[in-house]
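Produce the entire structure from the sequences given, and follow the hints as far as they go.
If you're matching them up, the sequences are chains V and X in order. The opening residue of the first sequence carries number 0 in numbering that gives the first Met the number 0; numbering runs sequentially from there. The opening residue of the second sequence carries number 0 in numbering that gives the first Met the number 0; numbering runs sequentially from there.
Treat each hint with caution, since some may be false.
[To be verified] Chain V is faced by these chain X residues, among others (derived, beta-carbon under 7 Å):
(1) 9
(2) 13
(3) 14
(4) 45
(5) 48
(6) 49
(7) 108
[Claimed, not checked] Between beta-carbon pairs, the in silico distance windows are:
(8) X:74 / V:30: 51 to 57 Å
(9) V:26 / X:152: 45 to 51 Å
(10) V:38 / X:155: 21 to 27 Å
(11) X:125 / V:114: 46 to 52 Å
(12) X:96 / V:119: 51 to 57 Å
(13) X:62 / V:16: 39 to 45 Å
[Said to hold, decoys possible] Incomplete in silico selection of chain X near chain V, CB under 8 Å:
(14) 10
(15) 11
(16) 109
Since the hints were derived computationally from the structure, they do not count as laboratory data. On a predicted model such as this, the values are computed, not experimentally measured, just so you know. Even for Gly, the Cβ is constructed at its ideal location relative to N, Cα and C.
Below are the chains, spelled out letter by letter.
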Amino acid sequence: MNDTLVGVVVGHGAVAEALVGAAEEISGIRGALIAVSNTGAGREALEERVVAAVAGRRAVVFVDLPSGSCLFAALHGLPARDHVRVVTGVNLVMLLDFLFHREEEIAAAARRAAEAGARSISER
Amino acid sequence: MPIVLCRVDDRLVHGQVVVGWGRPLDLQRIVLVDDEVRASPWEQELYRMAAPPGMTVEFASAAEAAPQLAAWEAGKERVLVLVGTIALASDLERRAPGRLRRLNLGGIHAGPGRRERLRYLYLSDEELTMLRGLARVGLQISAQDLPTSRPVPLSDLE
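Structure (structure tokens):
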């Protein structure tokens, strides 16, 4: 089993696809992030999409909103917490940090990505 | 204040409900009628997280909700009654005849036997039959995912 983490980005509409595309464009790292949209999916179908994207691998799942259908799909569809961590409020800074720290232990990678994303928010 | 909306939405408590409808309707309480969620405290916690401050999310089984419909209708709070399936809406009507007056079809996604009627609404023939039955006993039924969308009457979903 490959120990490198994968990132699964789950979002409303085209949010996940756009963020993944932008992160790949900036980093030059392709294939490490998988986009999942909730478009056209009920609860069960969205859960199935998330579970299929993780595919049993060690994964950090990034969700756009801190609640709602996308978070529910991640937490309900992936109850085993040993190989999956869920981070909410995904943004581009968060994904870029993750892309360059995919060799780290999963909880540490998820935590540092979340902190990087949070630090990027400011008001001037 | 009466029940301001009774909605069928298979994503249950999510953004369209709490933001899209919650703000313009000034909702104070969402009652999620779902036997499975009623029995699962951790799922309830997830759905509570979706609601903004000032909006309560309450959970009830169909059997618990039916006798309370009259009280919610007569209460002071602005209530949205939310179910995940047309079968459950039909069950509520059977348990408490005449208590539901309008039914909003907000989001039912693709599934076995279902055909696309609108971008956000897939219905099987069986579900359409249930809806016709509800219309016959007096419910006004329309599909509308968001308040800014055009309501589509049941007759246009055939």
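Cross-check of the supplied hints:
{"no.": "1", "hint": "9", "result": "4 Å, holds"}
{"no.": "2", "hint": "13", "result": "4 Å, holds"}
{"no.": "3", "hint": "14", "result": "5 Å, holds"}
{"no.": "4", "hint": "45", "result": "5 Å, holds"}
{"no.": "5", "hint": "48", "result": "4 Å, holds"}
{"no.": "6", "hint": "49", "result": "4 Å, holds"}
{"no.": "7", "hint": "108", "result": "4 Å, holds"}
{"no.": "8", "hint": "X:74 / V:30: 51 to 57 Å", "result": "54 Å, holds"}
{"no.": "9", "hint": "V:26 / X:152: 45 to 51 Å", "result": "50 Å, holds"}
{"no.": "10", "hint": "V:38 / X:155: 21 to 27 Å", "result": "23 Å, holds"}
{"no.": "11", "hint": "X:125 / V:114: 46 to 52 Å", "result": "50 Å, holds"}
{"no.": "12", "hint": "X:96 / V:119: 51 to 57 Å", "result": "55 Å, holds"}
{"no.": "13", "hint": "X:62 / V:16: 39 to 45 Å", "result": "43 Å, holds"}
{"no.": "14", "hint": "10", "result": "5 Å, holds"}
{"no.": "15", "hint": "11", "result": "7 Å, holds"}
{"no.": "16", "hint": "109", "result": "7 Å, holds"}
Taken one by one, the earlier hints all hold for this structure without exception.
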